[in-house]
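Participant: Given next are the chains, with one letter for each unit.
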Amino acid sequence: MNFVLIAEQTLNGLQLGVMLFLLAAGLTLVFGIMNMVNLAHGALYMVGAYLTTFFYQQTGSYLLAVVLGLASTLVVGIVTELVALRTLYERDHLDQVLATFGLILFFNELVAILWGRAAIFSTIPDYLTGHVEFGVFRYPLYRLMIIGVGLAVAVLLWFVVSRTRLGMLIRAGASNRAMVAALGVNIRLLYTVVFGFGAALAGLAGLLAGPIYSVQPGMGELILIQVFVVIVIGGIGSIRGAFAGALIVGMVDTMGRAFLKPVLSTVLSPTAADAAGPALASMLIYLLMAVVLTFRPAGLFPAVR
Amino acid sequence: MHKTTRTLLAGLIASAFIATPALAQQKLKIGFISTFSGPQGAIGEDMKNSVELALDHLKRKVGGLDTEVIYGDDQVKPDVGTQVADEMLKKHQVNFVAGIIWSNVMLAVAPRVTAAGTFMIGTNAGPNQLAGEGCNEMFFTTSWQNDQTPEAMGKYMQDKGIQDVYLMAPNYAAGKDMLTGFKRYYKGRVVDEVYTRLGQTDYQAEISQLRSKSPKAVFVFYPGGMGVQFLKQYSEAGLRGQFPLYSVYTVDELSIPAVKHAALGQLETRYWSQDLKNDANVKFVGDYRKKYGGKTPSYYGAQSYDGILLIDSAVRGVKGNLADKKGMIAVMRKADFASTRGKFKYGQNHFPIENFYLLKTVAGATPTSDPVMEIQQTVFKDHKDAYGTACKMKW
Numbered sequence: 002m003n004f005v006l007i008a009e010q011t012l013n014g015l016q017l018g019v020m021l022f023l024l025a026a027g028l029t030l031v032f033g034i035m036n037m038v039n040l041a042h043g044a045l046y047m048v049g050a051y052l053t054t055f056f057y058q059q060t061g062s063y064l065l066a067v068v069l070g071l072a073s074t075l076v077v078g079i080v081t082e083l084v085a086l087r088t089l090y091e092r093d094h095l096d097q098v099l100a101t102f103g104l105i106l107f108f109n110e111l112v113a114i115l116w117g118r119a120a121i122f123s124t125i126p127d128y129l130t131g132h133v134e135f136g137v138f139r140y141p142l143y144r145l146m147i148i149g150v151g152l153a154v155a156v157l158l159w160f161v162v163s164r165t166r167l168g169m170l171i172r173a174g175a176s177n178r179a180m181v182a183a184l185g186v187n188i189r190l191l192y193t194v195v196f197g198f199g200a201a202l203a204g205l206a207g208l209l210a211g212p213i214y215s216v217q218p219g220m221g222e223l224i225l226i227q228v229f230v231v232i233v234i235g236g237i238g239s240i241r242g243a244f245a246g247a248l249i250v251g252m253v254d255t256m257g258r259a260f261l262k263p264v265l266s267t268v269l270s271p272t273a274a275d276a277a278g279p280a281l282a283s284m285l286i287y288l289l290m291a292v293v294l295t296f297r298p299a300g301l302f303p304a305v306r
Numbered sequence: 026m027h028k029t030t031r032t033l034l035a036g037l038i039a040s041a042f043i044a045t046p047a048l049a050q051q052k053l054k055i056g057f058i059s060t061f062s063g064p065q066g067a068i069g070e071d072m073k074n075s076v077e078l079a080l081d082h083l084k085r086k087v088g089g090l091d092t093e094v095i096y097g098d099d100q101v102k103p104d105v106g107t108q109v110a111d112e113m114l115k116k117h118q119v120n121f122v123a124g125i126i127w128s129n130v131m132l133a134v135a136p137r138v139t140a141a142g143t144f145m146i147g148t149n150a151g152p153n154q155l156a157g158e159g160c161n162e163m164f165f166t167t168s169w170q171n172d173q174t175p176e177a178m179g180k181y182m183q184d185k186g187i188q189d190v191y192l193m194a195p196n197y198a199a200g201k202d203m204l205t206g207f208k209r210y211y212k213g214r215v216v217d218e219v220y221t222r223l224g225q226t227d228y229q230a231e232i233s234q235l236r237s238k239s240p241k242a243v244f245v246f247y248p249g250g251m252g253v254q255f256l257k258q259y260s261e262a263g264l265r266g267q268f269p270l271y272s273v274y275t276v277d278e279l280s281i282p283a284v285k286h287a288a289l290g291q292l293e294t295r296y297w298s299q300d301l302k303n304d305a306n307v308k309f310v311g312d313y314r315k316k317y318g319g320k321t322p323s324y325y326g327a328q329s330y331d332g333i334l335l336i337d338s339a340v341r342g343v344k345g346n347l348a349d350k351k352g353m354i355a356v357m358r359k360a361d362f363a364s365t366r367g368k369f370k371y372g373q374n375h376f377p378i379e380n381f382y383l384l385k386t387v388a389g390a391t392p393t394s395d396p397v398m399e400i401q402q403t404v405f406k407d408h409k410d411a412y413g414t415a416c417k418m419k420w
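Going down the list, the protein sequences come from chains A and B.
Remember, the working numbering sits 1 above the position in the first sequence when you count from 1.
Remember, the working numbering sits 25 above the position in the second sequence when you count from 1.
Think of the hints as simulated: they come from the structure by calculation, not from any bench.
Glycine is no exception: its CB is placed at the ideal position from the N, C-alpha and C atoms.
Among the clues, some could well be false.
Stated by the list, open to error - Covered stretches of chain A, going by a simulated chain B footprint (3 or more residues, C-beta under 8 Å):
(1) 3-12
(2) 56-65
(3) 87-98
(4) 140-148
(5) 264-270
Said to hold, decoys possible - Stretches of chain B that chain A covers, calculated by requiring three or more beta carbons in the stretch to come under 8 Å of a beta carbon on chain A:
(6) 141-155
(7) 401-415
Full structure from sequences and hints, please.
Facilitator: Structure, rendered in structure tokens:
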């Protein structure tokens with residue numbers, strides 16, 4: 002274990018955290034403001050990855066594909082809200098879980114029908130491949146770009162939520178729905194906008210993930226569990242919490258996977274460390290969640306109610 | 026609806042029900058269990074395609090009998106697999122249960138099927154338990170025992186004198202079996218053995234650790250979607266040229282379209298390859314491509330195709346007398362059918378004794394076509410699995 006490796010793993014943790022944040026931000030917005038459990042958030046991530054990959058193959062231009070992919074995921078999100086989710090706001094969480102689970106199945110089957118069940122090919126444009134030299138080590142350019150995009154989105158979200166009229170309405174809607182509606186705000190429209198926004202964020206995560214992960218039906222569910230851990234740790238409904246939670250989970254998970262086994266082997270026998278290391282590393286974020294829930298049941302940065 | 030039409034329809038439906046039992050008696054029923062939904066559904070699709078192709082080749086009559094194949098989706102879950110198998114046994118009264126990708130599903134399903142006096146024909150999973158003490162005369166497989174394939178890679182790397190190998194696999198039963206099998210034949214220095222979370226999507230942290238250890242070679246087992254992500258990230262990190270990558274069950278005809286150039290140069294061991302030159306295989310691969318829009322089958326498909334042919338040989342051997350189970354066992358033990366891997370023999374535990382080859386992923390015929398896997402050399406000739414000696418079956 003040396004400085005170079007720690008620095009590199011810190012970047013890895015940051016990159017994973019940022020990816021989780023993009024997903025968690027949308028999920029937590031929808032939950033915090035609309036009080037809606039949306040299991041289908043991972044499906045929108047998948048839709049974003051598929052559509053961007055599809056547009057990239059069709060147009061040959063990565064930038065155009067990004068724009069088209071984001072816009073079409075936004076549209077898919079809005080249509081989903083209008084068609085399926087509108088009727089669910091008044092129902093309890095169990096009904097929402099059931100219905101959005103149905104949406105997961107629907108979207109997974111839909112992409113399987115359109116693109117087949119096997120993973121499809123997705124790649125990075127040439128100008129984003131390669132590495133950036135940091136003197137003693139080098140880091141993939143594409144992963145640095147993910148970090149950059151994620152941090153930019155975080156700043157943008159902070160600005161929108163705390164400095165704009167839309168953000169004010171969102172915050173107001175989160176703390177007192179009935180009052181906002183009584184003041185003459187079209188709360189339905191607000192919900193649709195928020196949901197579409199959340200979908201576009203999931204789509205953004207999906208399009209960034211596409212070239213390095215496997216674009217296949219069900220890809221969203223693989224990452225969704227970690228995203229739920231993020232918003233529980235961060236505090237449900239809070240963008241700030243999602244950001245902090247995502248970075249903490251990304252960092253803890255990465256460091257656990259990288260260093261837990263070597264650290265354990267200094268105190269345990271090698272065979273015990275071999276067995277305990279990977280097992281513990283994969284449990285680490287759940288243990289963290291349990292600890293956070295014990296001391297801060299509402300999460301680290303709960304949304305103000 | 027008009028009243029007479031309704032009566033007519035009711036009559037039609039009723040007569041359809043009456044007709045079923047009479048037909049059922051002359052029919053051969055095969056229950057085929059695989060994974061048809063979720064991220065692993067692509068494997069099930071390849072298997073089903075191959076079963077359908079085998080049925081086409083047999084003119085829809087397996088062993089000369091009218092054949093019905095009932096497909097069941099196990100969703101990669103042992104409990105769902107058992108449910109599906111129970112339904113096949115009780116409701117459909119199948120004569121054979123076949124298929125099954127996953128070892129854990131196989132371990133749950135196979136004993137139930139054989140205990141019910143029905144044949145279980147495995148076409149992928151080969152857990153050691155069923156090859157050793159748990160062997161059964163009603164169980165046959167057309168694939169391999171899990172350890173055999175990594176053993177072949179271990180042997181190859183040992184023979185090559187490759188030192189300082191870095192091992193990686195997902196942290197579950199098969200992952201450990203694969204590395205155990207590898208080390209049974211590889212006696213050189215192992216730099217580190219890393220187990221990752223099952224279903225993990227991001228390998229960047231492990232890749233950084235790997236690079237810091239500077240091994241001479243890397244051996245991995247990452248089936249399905251995990252393989253796609255691992256290969257993409259391995260080549261994206263620029264390790265492709267730096268540390269040669271050897272693997273089992275990581276690159277196959279299903280994942281190549283998704284990774285393309287990221288798989289180039291990859292070495293794998295396997296008992297079968299699409300370019301294996303024998304009549305049965307040429308016909309299988311050629312007709313598969315013709316029937317399924319140019320797609321190349323994978324070994325999952327080849328094994329499933331073989332499974333149907335094995336059943337065909339059994340039923341033919343007893344002249345369609347499905348009650349003669351002893352007779353069918355005797356016939357199947359001869360492995361007397363045109364297998365896509367070429368001629369092979371069954372070991373005493375009903376697992377094939379077969380050749381294992383080294384395959385390399387090379388560029389396709391044209392610049393736009395996908396890479397293909399081709400045989401480089403034979404690593405093992407007539408390789409027997411390590412567990413058969415514990416099997417008490419006599420024949």
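Participant: Each hint needs a verdict: does it hold in this structure or not?
Facilitator: Consistency of the hints with the structure:
Only residues whose beta carbon comes within less than 8 Å of a beta carbon in chain B count, and the segment 3-12 of chain A has 5; three or more means the coverage holds. Given as covered by chain B, the segment 56-65 of chain A fails the check, having 0 residues with a CB less than 8 Å from a CB of that chain where 3 are the minimum. Taking a C-beta to C-beta cut-off of 8 Å, the segment 87-98 of chain A contributes 0 residues in contact with chain B, too few for the three needed, and the coverage statement is violated. With a threshold of 8 Å between beta carbons, the proposed coverage of the segment 140-148 of chain A by chain B holds, since 3 of its residues qualify and at least three are required.
Using a Cβ-Cβ cut-off of 8 Å, 0 residues of the segment 264-270 of chain A lie near chain B, which falls short of the minimum of three, so the contact claim is violated. Under a criterion of three residues with beta carbons nearer than 8 Å to beta carbons of chain A, the stated coverage of the segment 141-155 of chain B fails, only 0 such residues being counted. Check on the segment 401-415 of chain B: 0 of its residues sit with their Cβ under 8 Å from a Cβ of chain A, so the three-residue criterion for coverage is violated.
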